[in-house]
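Novice: Going down the list, the protein sequences come from chains R and Z. Just so we're aligned, residue 1 is where the first sequence starts under the numbering used here, counting upward by one. Just so we're aligned, residue 253 is where the second sequence starts under the numbering used here, counting upward by one.
Hints were generated in silico from the structure; no laboratory data involved. One or more hints might be untrue.
Covered, in the sense of this in silico footprint (three residues per stretch, anywhere, with C-beta under 8 Å from a C-beta of chain Z), are these stretches of chain R [said to hold, decoys possible]:
1) 105-111
2) 188-197
3) 229-235
Heads up, simulated SDA-like pairs for lysine to any residue below, C-alpha to C-alpha not over 20 Å straight-line [stated by the list, open to error]:
4) LYS115/R / PHE357/Z
5) LYS115/R / SER291/Z
6) LYS67/R / ARG55/R
7) LYS62/R / PHE496/Z
8) LYS81/R / LYS62/R
Beta carbons: idealized from backbone N, C-alpha and C, even for Gly.
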Amino acid sequence: MRPSALCLLVALLLLATRSPASDAAVVAPRGASAPPADVADAYEGAWFSYRDLYRRMIRFEKYGGPKQFIQSQLQLAPADKTAAIGGAQLSLRSHSVRLDLPLDALGRASFPFLKQAYDENAELRVNRPAGTVALEQQLSILTRADGVYALGDLRAACEEVLQYQRYASLLAHRLTRCVGLAFIFPKEAPATVAGVRRRDQERSSLSAMDGDAWGGNSAKTHKLVVLRFSQWPGEGQVLCEMAPLAITPILE
Amino acid sequence: MPEGSHDRFWGIGVSVTPTFEGSRESVTRPVVDGSAQWSNGIFLNGALLPSRYDPLHPLQLGYRISPSPAIDFGPMVAIREGWPVFVARQLNTKDNAWAGSAGGFIEFNLTDDMKLTGNLLADLWSSKGAGSLIGNLDLRQTANVAAHHSVAFWGGLRWGDSLAVRNQFGVTAEQAPVTGFPVYGAKGGIEDLHLGADWRWDLSNAWRLSTALYLTRLTGSAAGSPEVQTRNNASASVTLLRRF
């Protein structure tokens with residue numbers, strides 16, 4: 001590469017990094033010289049492309065395979081897994097769309113599929129510094145109002161998640177199997193919050209332990225009940241005294 | 253994407269490419285780059301005013317069929333430089349050194365971040381004779397390195413049948429006396445091995461700075477051509493893109 005070419009590249013790089021959008025984020029001009037709407041709106045917190053996430057999330061909606069026991073949601077995930085997400089707010093912003101997306105106790109929100117937001121190249125904003133949070137797809141098992149889950153349904157639910165993961169990419173989860181489920185409860189849940197009842201037998205409690213919402217046990221922010229399928233073959237029911245915040249598959 | 257929607261990036265930048273494949277000299281040019289896809293599956297990529305040799309911005313028009321998120325395929329047409337520009341100039345046929353080709357592509361999404369891509373294109377028109385076949389096979393890995401920064405690396409090979417290699421790298425008996433090169437009958441096979449890297453910096457939701465580097469090493473019969481001054485070629489580009 002010739003020196004002149006190098007100079008041109010560097011000059012362009014410098015010009016580009018001083019683009020109107022990044023200037024607006026720092027200076028935040030108001031009044032006098034009104035910049036275009038999207039520039040004036042430049043946001044200092046974490047933002048994500050709605051189009052990119054739309055394409056990821058729409059796959060599940062279009063998926064024709066079995067998905068009666070499972071759901072797909074948008075997950076706000078802190079880069080530091082032990083960081084609390086309390087107080088975090090997620091919103092969708094574009095020229096004409098302003099929508100707050102309520103987060104549940106685990107930082108999940110249902111994804112809004114809006115053509116208008118897509119066409120206006122909307123962004124998803126989180127009131128946290130850029131780089132400290134990510135938005136991901138989270139697949140989980142649907143919870144039931146009556147707190148009663150047939151073991152057969154739970155095994156099918158885990159398989160549905162696994163089948164979807166395999167559908168979504170060629171190599172992912174080719175060798176993993178469904179080994180169980182994690183029921184995630186608030187930390188104050190009693191130790192006997194979940195149990196299994198076999199036919200003609202008493203309810204026996206499943207052991208609950210302190211742990212993180214999505215695997216790991218460094219923060220111990222929640223109470224987890226792990227159901228291993230190998231320990232509970234055959235028929236039966238899982239009974240929950242209170243509604244779990246989420247039920248997630250364990251794929252190993 | 254929603255029915256009737258599209259996703260488009262258009263922008264300008266600078267590219268530095270060898271003056272032709274196998275050339276020791278490079279040329280720096282402005283480039284009008286873009287990529288667009290529509291909900292009906294049609295896509296358009298590449299530099300709108302392509303230069304003679306610009307592997308980072310090949311002009312491609314195609315139709316994407318996605319039976320599942322794991323596999324995409326479809327027909328496409330492409331325009332590319334046909335043969336060394338200085339040969340074209342000497343032969344005074346610079347207007348038709350372009351090759352238009354048609355064929356298909358396939359993409360396997362191995363994981364969320366890794367894909368295997370291939371395409372096979374046949375020349376529809378070319379000043380040295382149509383019908384030649386060229387294929388590409390690449391493995392591409394993407395990584396998010398920081399908020400709003402992602403890097404992609406890819407590597408692969410290009411294959412051409414004997415007509416394709418001869419069209420681009422051969423010297424015919426007719427050309428030999430004009431160009432001063434000995435007659436060279438190139439054979440088909442692997443034409444090059446290549447590596448690419450692409451750094452995308454999303455300055456905002458609407459602006460992206462894309463910087464790319466592409467290295468090729470000519471192999472086989474292509475590398476032995478008397479027209480080739482160096483087997484190793486490097487191309488680079490920086491573009492500022494607006495998302496529409």
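Novice: Does each hint hold? Answer for all of them.
Specialist: Status of each hint after checking the structure:
Only when three residues or more bring their CB closer than 8 Å to a CB of chain Z does the claim for the segment 105-111 of chain R stand; here the count is 0, and the claim is violated. Beta-carbon proximity to chain Z at under 8 Å applies to 0 residues in the segment 188-197 of chain R; the threshold of 3 is not reached and the given coverage is violated. Only residues whose beta carbon comes within less than 8 Å of a beta carbon in chain Z count, and the segment 229-235 of chain R has 0; fewer than three means the coverage is violated. Only pairs whose Cα atoms come within 20 Å are accepted, and LYS115/R paired with PHE357/Z is rejected, the gap being roughly 29 Å.
Of the pairs offered as hints, the one joining LYS115/R and SER291/Z holds, with about 11 Å between alpha carbons and a cut-off of 20 Å not exceeded. Simply put, LYS67/R and ARG55/R have alpha-carbon atoms about 19 Å apart, close enough for the 20 Å limit, and the pair holds. Simply put, LYS62/R and PHE496/Z have alpha-carbon atoms about 25 Å apart, too far for the 20 Å limit, and the pair is violated. Of the pairs offered as hints, the one joining LYS81/R and LYS62/R is violated, with about 31 Å between alpha carbons and a cut-off of 20 Å exceeded.
Against the hints set out earlier in the document, violations occur for numbers 1, 2, 3, 4, 7, 8.
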